[in-house]
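Student: Here's the letter readout for the chains.
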Amino acid sequence: MSAVAVAAAEVAAAEPAALAVEGLTTQIRIAGRWFDAVRDVGFEVHRRETLALVGESGCGKSLTALSIMGLLPSGVGRIAAGRITVDAVDMTAADEAGRQAMRGDRIGMIFQEPMTSLNPVLPVGFQIAEALIEHKGLSRREAKKRALALMELVRIPAAGQRLDAYPHQFSGGMRQRVMIAIALACSPKVLIADEPTTALDVTIQAQVLALLADLQAREGLAVLLITHNLGVVASVADRVMVMYGGDVVESAPVKAFFGRPTHPYSEALLAAMPRVDRPSDALAPIPGQVPVLPDMPAGCRYQSRCPLRIERCAERPPLNPLPGAPEHRVRCWVRAP
Amino acid sequence: MSAAAGATAAAAPAPSAAVAAPSAWKRATRSGGLAVGVVLVAAMVLVALLAPWIAPYDPDEQDVIMKLEGPAAGHWFGTDAFGRDVLSRVIWGARVSLFVGSVATLAGILVGTVVGIVSGYYGGLVDKLITALTDILLSFPQLIMGLILVAVLGPTMFNLILAIAITAVPAFVRVARGSTLAMKERDFVDACRALGFSDLRIMFLHVLPNIMDEVVVMGSLWLAAAIRTESTLAFIGLGVPPPTATWGGIIREGFDNLLDAPWLSVFPSLAILLVMIALNLVGDGLRDATDPRAPQ
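Top to bottom, those sequences are chains A and B.
For the first sequence, this note's numbering assigns the number 1 to the initial residue and increments by one for each residue that follows.
For the second sequence, this note's numbering assigns the number 1 to the initial residue and increments by one for each residue that follows.
Among these hints, one or two may not hold up.
[As the list claims (entries may be wrong)] Here are some, though not all, of the chain A residues that point toward chain B, as calculated from beta-carbon distances under 7 Å:
(1) 72
(2) 76
(3) 104
(4) 116
(5) 118
(6) 121
(7) 131
(8) 133
(9) 303
(10) 306
Calculated directly from the structure, the hints in this document are not laboratory data.
Predicted, not measured: the structure shown is a model, and the values here were computed from it.
Ideal placement from N, C-alpha and C gives every residue a C-beta, glycine not left out.
Isolated chain B (complex conformation):
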């Protein structure tokens, strides 16, 4: 990081007190992908938050006369078999998908990072057990794992979040543990011990901020995976129960009429696609920003 910072300092007669920030910023914004991703994600979060005000119709309001209408001026995304406005349902669906995905990912990050840091920092038998457990959990595909958990726990929103969070935990344990192992060998950790700092302080005040970049990058990619899992579970009927609109649920409802009314499934699918692309752009952009060796 300092080499790049030095290069920036040499190029511009900037005051030496603030050379690092612009270079990381430059790396982050160089490709433009991160900016596009952030704007898209922000837009979708905004849409989800403002759903009650911007959705043209009540998402659950049925209108038997207007059922299975194609996209038109009155209903941009058309209507479904109950005459509900698909655009409004997709907008409200964003709420559930983004909420479940982000809460589950945050919970996964929180638990996984703490466990990973503790495991990597102390090592020993506990570390061996945690690593073995992580390997076992990671050997299940995320979807299968989520499926089993929701099937056992029952399809409520809380259980959905719990299940997806549990599938995310081992991935963050692995990332945090690996980074902590590398940090533990650094001189500044020895210096902290020589200053009589407690293990807690060293782990969460000194190691944590140093591994945050990797956790955040993983987080943005796992958020995409979590939303995908939520949608898939909803699609196979294990999501938040109807009539609540969720993207996966809308796709499933439209599946019966796929041939004569494809817009029912196409629009929520596009919404999922857009989120996936946006979050992956953010993840890749962040990774480039935090890795000075990334291709220019």
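Isolated chain A, as found in the complex:
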């Protein structure tokens, strides 16, 4: 991946980011009050680049994805501030029809559960073709031809015979390939993959990740990978962004992150990850859990579980670059004052 990363970095200077998020604050309504579930999140993903969004459940990574897609449940979630630009189109300024036209066309999404994300009563070939009919105005016949090519692209064996098969006739890994084919049907610029391999067997996981990386290189996709699996991050991501309680707490190139995880939460995450080169009793769970939104502490949100807590943590730390590593930024008074 490193050669690609370098290439991506070179391209980055030349062309605008495929996906740019600036100062995104997303709120959720709980018992009639609005709480910041995503706070002032900003990042860019360029073509051919993979940004991994990491964090445990409830840290705001999926909400960030939904905000980008413009799929926040109305009345429950809203974007309170910030700007989201996809392929030079301002999603936050667009109306619902404009966002709808972007979704599935210029921005694709893959979901966690391949078993339930396909419509059980429609043939997979049609489901792949559908986005092409809706967005590109292709006729059914043309779209079906493209669907066949896409099924071959995601390496579904005997694609010609399975065009008219139904989802239940596919295994989990094959269904995730179908989902990828659907997401890529209209050749989007940006792909959001929300835990794309979590529901799959480890061997299938590796195949699907390899396929994604291959397609990314071929299509020049900008990928936002949402995951809590640091092993996946290490193998496919170019950059890592760790989120906690809706805050970005650390953002770094993947090598720098695994070489020098700096935020206490990142350290704890890595210590809680099973590794073959360490005995399993070396696993260190993070005590406690993410506080629910109404109970979030003011200032640094990790302070309630942080061993390094100081008085200043009551004040929200900025995302500061580490000395000598401008791309490695950490939100912590102790580690990056």
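Once you've looked at the hints, dock chain B against the given chain A.
Tutor: Quick look at chain B alone, frame taken from chain A:
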């Protein structure tokens, strides 16, 4: 569904591309009730369609010499007070009863399903209003509702169909809305939104085929109810006006002579009974076929 499909695949070395169809088919035909029901319904539809050719007499032709004759070789079901052939009248009556029943049910399914899907999909205030209205309409017994409507609108065939359709709508609204609510939470609907599909496409191309099975099952049972309502309305004189032969109407005409010529009422009653049994067999069979958890 897939578990059963898997079991079938394991039992037979069938090509993996077509394992679901036979298992649903097997479930459908297992009890035999569905097959019997379908054959009976098909036979009756055929009789109704072919009435001009298979009815031995003109249903309205009077023959004063042959009035109130019992079942015999010339008139299998006997003749009525005007000397009309009861068999021919029952055969022609099937036309009206089946036509009114099926058109009314289809209209009810069409309107009810669309309203139900829209209501369940969008939710909110509109959904609350529709649900409240549905509850109110459903609290009236179907017959009373049909009675009021026909009494107000007047007894013509169109009004009859309209009245019965209106009584059927809320039942289908409820079924479609409930199923849509369940479907809306499914991941594939979110996936559709993420693909930028319009609400219209999601509702009628993705949700509708998923709830069709329940609607069809309800439809076959409501068809029976619609035919029953039509017959009952005809019996109390609010059906298609005479001399057109309808099952309920024939029963009513025979009512005056029930003690000395019971065949007048008995044969059309048997026809209604047969349709009810057939449609309920179809409905139960379809329900078993679409519900993998149904008892084996």
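Student: Now look at each hint and say whether the structure bears it out.
Tutor: So, going through the hints one by one against the coordinates:
For residue 72(A), the suggested interface contact is broken, since its CB lies about 11 Å from the closest CB of chain B, more than 7 Å. Taking 7 Å as the C-beta contact cut-off toward chain B, the hint placing residue 76(A) at the interface is violated, the least distance being around 12 Å. The criterion of a C-beta within 7 Å of any C-beta in chain B is met by residue 104(A), whose closest approach is roughly 3 Å, and the hint holds. Taken as an interface hint, residue 116(A) checks out: its beta carbon lies about 4 Å from the nearest beta carbon of chain B, inside 7 Å.
Because the smallest distance between the Cβ of residue 118(A) and any Cβ of chain B comes to about 6 Å, under 7 Å, the interface hint for this residue holds. Because the beta carbon of residue 121(A) sits about 5 Å from the nearest beta carbon in chain B, less than 7 Å, this interface hint is met. Because the beta carbon of residue 131(A) sits about 5 Å from the nearest beta carbon in chain B, less than 7 Å, this interface hint is met. With a least beta-carbon distance of about 9 Å to chain B, the hint placing residue 133(A) at the interface is violated under the 7 Å criterion.
The beta carbon of residue 303(A) comes no nearer than 34 Å to any beta carbon in chain B, farther than 7 Å, and the hint placing it at the interface is violated. Below 7 Å, beta-carbon pairs count as interface contacts, and residue 306(A) has none with chain B, the closest being about 35 Å; its hint is therefore violated.
When held up to the earlier numbered hints, the structure conflicts with 1, 2, 8, 9, 10 and fits the remainder.
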